[in-house]
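Number of protein chains: 2
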Amino acid sequence: MSVESYMQSVGQQARTASRAMARAETEQKNKALLAMAEAVASKRDELMQANEEDLQRGRSNGLDAAMLDRLALTPARIDNMIEGLRQVASLPDPVGEISDMAYRPSGIQIGKMRVPLGVIGIIYESRPNVTMEAASLCLKSGNAAILRGGSEAIASNQALAACIRHGLQVAGLPAEAVQVIETTDRAAVGYLITMPEFVDVIVPRGGKGLIERISREARVPVIKHLDGICHVYIDSEADLTKAINIAINAKTHRYGTCNTMETLLVDGMVADVVLPQLAERYHELGVELRGCSRTCAILGDIQAATEEDWSTEYLAPVLAIRIVDGLDQAMDHINTYSSQHTDAIVTENYSKARRFLREVDSSSVMVNASTRFADGFEYGLGAEIGISTDKIHARGPVGLEGLTSQKYIVLGDGQIRR
Amino acid sequence: MSVESYMQSVGQQARTASRAMARAETEQKNKALLAMAEAVASKRDELMQANEEDLQRGRSNGLDAAMLDRLALTPARIDNMIEGLRQVASLPDPVGEISDMAYRPSGIQIGKMRVPLGVIGIIYESRPNVTMEAASLCLKSGNAAILRGGSEAIASNQALAACIRHGLQVAGLPAEAVQVIETTDRAAVGYLITMPEFVDVIVPRGGKGLIERISREARVPVIKHLDGICHVYIDSEADLTKAINIAINAKTHRYGTCNTMETLLVDGMVADVVLPQLAERYHELGVELRGCSRTCAILGDIQAATEEDWSTEYLAPVLAIRIVDGLDQAMDHINTYSSQHTDAIVTENYSKARRFLREVDSSSVMVNASTRFADGFEYGLGAEIGISTDKIHARGPVGLEGLTSQKYIVLGDGQIRR
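These protein sequence lines are chains C and L, in that order. The UniProt record's numbering puts the first residue of the first sequence at 1, with every later residue one more than the last. The UniProt record's numbering puts the first residue of the second sequence at 1, with every later residue one more than the last.
Honestly, the hints are just simulated from the structure, not real lab data. Mixed in with the good hints there might be a few duds.
A pair holds if it fits inside one copy or across any two, identical chains being indistinguishable in the list.
Pairs of lysine to aspartate or glutamate, DMTMM-like flavour, derived with a Cα cap of 20 Å [stated by the list, open to error]:
id, residue 1, residue 2
1, 112, 401
2, 112, 359
3, 112, 384
4, 407, 38
Just chain C, same shape as in the assembly (with noise of 0.2 Å):
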């Protein structure tokens, strides 16, 4: 079979698993959950024997020391997969969900109930446990889904499938509920984003190229993440000690992430007092500094920032820093340079809070916090399937809701159009 013909028939059966999927009840999908998780603590060796096939295939093609340790299944991931089934399975349904219903003039009464997007497409690179927590979100919110994680991942995922089709089964759902693809053949991510009658959006989750490249060449809706440029400004009536907790967290809590901070943009009228403590922290921690002619003239020894900076996703121990002069500057700055994903000040002044937060147009924005918090699980969802950088249908952290939509109900009792 060729790899076209194949995806033709993973995504007819995807589409048709998807309309059982829809009209599931919470129960059954529930006890899937808890079956596949009972399925991974059980099958715990033939996980982490596959995982090693994977792993030695990996060290023979030279795969460097980064992504084997994201591709390996160690005792605590599938722990932490086990546990992540069992969250996934006690968070509410949010499918079938009604709000709004009210009565019209014409005695019609309306409103919206939440239904599942129907089949997801997620494109993902080596982590095996990935390929897990896709598959319980999409199950959760009552969409077929079909994944392909890297080639890298092949034998670790195909185990991961069959835990995910007991699940399945032992739930009485179809089995192609949830479709792990089989071939590596790197063609069959072009089928897959290029059909819109099987499948109804696409969640790539990777590298910025990867999703740069899905993007571009998908016929379906994506949600997206791309980069992570977040800020942090710091007022000129912020709370110093909040300012500098805040500042050092987002950068050096995690430095991979994408709600990292990468640059810091301080008010004139504090950076004298502010900046040295801030250095002096951030040099201890071994974080780079590159700044603003300005930054570079209070703390002297550190490298000037070069128009790339602005728009650079480190992640890494490297901070941009920039000198501006009042609210607006500062927010001029972030809408010209910030990826749109999480931007913060820190102020104890309610009007300069107020304007921050309606007219910087990011995904989370924030008042004396730290990006960091810009995550799902922080935000309360339960879970996260991504981070959208997009503006339409979800922004910031998508959870269950985020793949779901609303369809209009109307209740009547004879209503005809006058």
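Take the given structure of chain C and dock chain L to it, following the hints.
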């Protein structure tokens, strides 16, 4: 200037204007809308004259009567335009609305704020009143708009553009907040739909061919409405008076609208009783019937429906009729042939109504009401930019809210992530 650089500059100006629009006060936006209404009222003669120019060119280019009718700005249509602007001014402003604020265990308070999408591109055909409708909805929802109407209406649209600019100016809003494309070069559309850096969403309004082409070629998200193949299912437990009223109204209230019923499904248990009565009414009203073999057996002298009839949007006094055995067969037919626009069941049975509402995957699902109610005004949205048959972002009638999205806002007191 080439069309490409013209469109680039339009895009760039729209992006800049969108920032000012996002923070524009409600009062300011309403002032602009009312000033536009006054400008239209006071320039009635100029508008009619510009429209006459379009009509004369249209006649000499051999446009058909229907097209000329859509192109014409009659005094009544100008009155409607003025009334429409005033109505949009009176609608509540969706921008800035904050919802779901809740505290998290970390101490941060998190919720959502409704925000404009940014820049909206609207592509439509030769009806000049769409220019004002689209401009007013984008403006009120805090977006910048780029409007591209059919070349047949260029003089009318430019005359309307002057009224729009006047209104923006009076309110102190940037003139580039609503730009009406000045070139009739078709290449302009191609550029408009491939500038993700300047345009956040495209709303095409027009025939299926136009919309399919735009969806295929667009590099930005499209909120689209393809066709309206709407169904009414008369269940075995329908109140037959309601059933007949709804079936007649859904087909004959207007033939050319997307929420008009195109296929009637009747349960085999009641077909003998209900079909002859309906056929008589349809016959009086001049509706041509095409039936499945069982329908033909009951009604005798009607044409047999072919497979093609089930997926045809007639937009004409033609109706396809099929007899089905029970709810499941009816929903199978709908989920196979419906364009997911609007589908209705007529029944007095609670459980069947409940299943139909949940399991039919259309943007509007109705019980005991005419499909003709699927409309922004009837639903209380106040206005409508179109009806979406998409599944992500917005389904069904799209009003002001559909031209916005929600960002997360986080209020803290110095919280950092542990």
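Consistency of the hints with the structure:
1. 112 x 401: For residue 112 and residue 401, both the intra-copy (14 Å) and inter-copy (13 Å) Cα distances are at most 20 Å.
2. 112 x 359: between (30 Å within a copy, 14 Å between copies)
3. 112 x 384: Answer is between; shortest inter-copy Cα gap is 17 Å, intra-copy 24 Å.
4. 407 x 38: The answer is neither: 35 Å in one copy and 37 Å across copies each exceed 20 Å.
Comparing the model with each earlier hint shows a violation of hint 4 alone; every other hint is respected.
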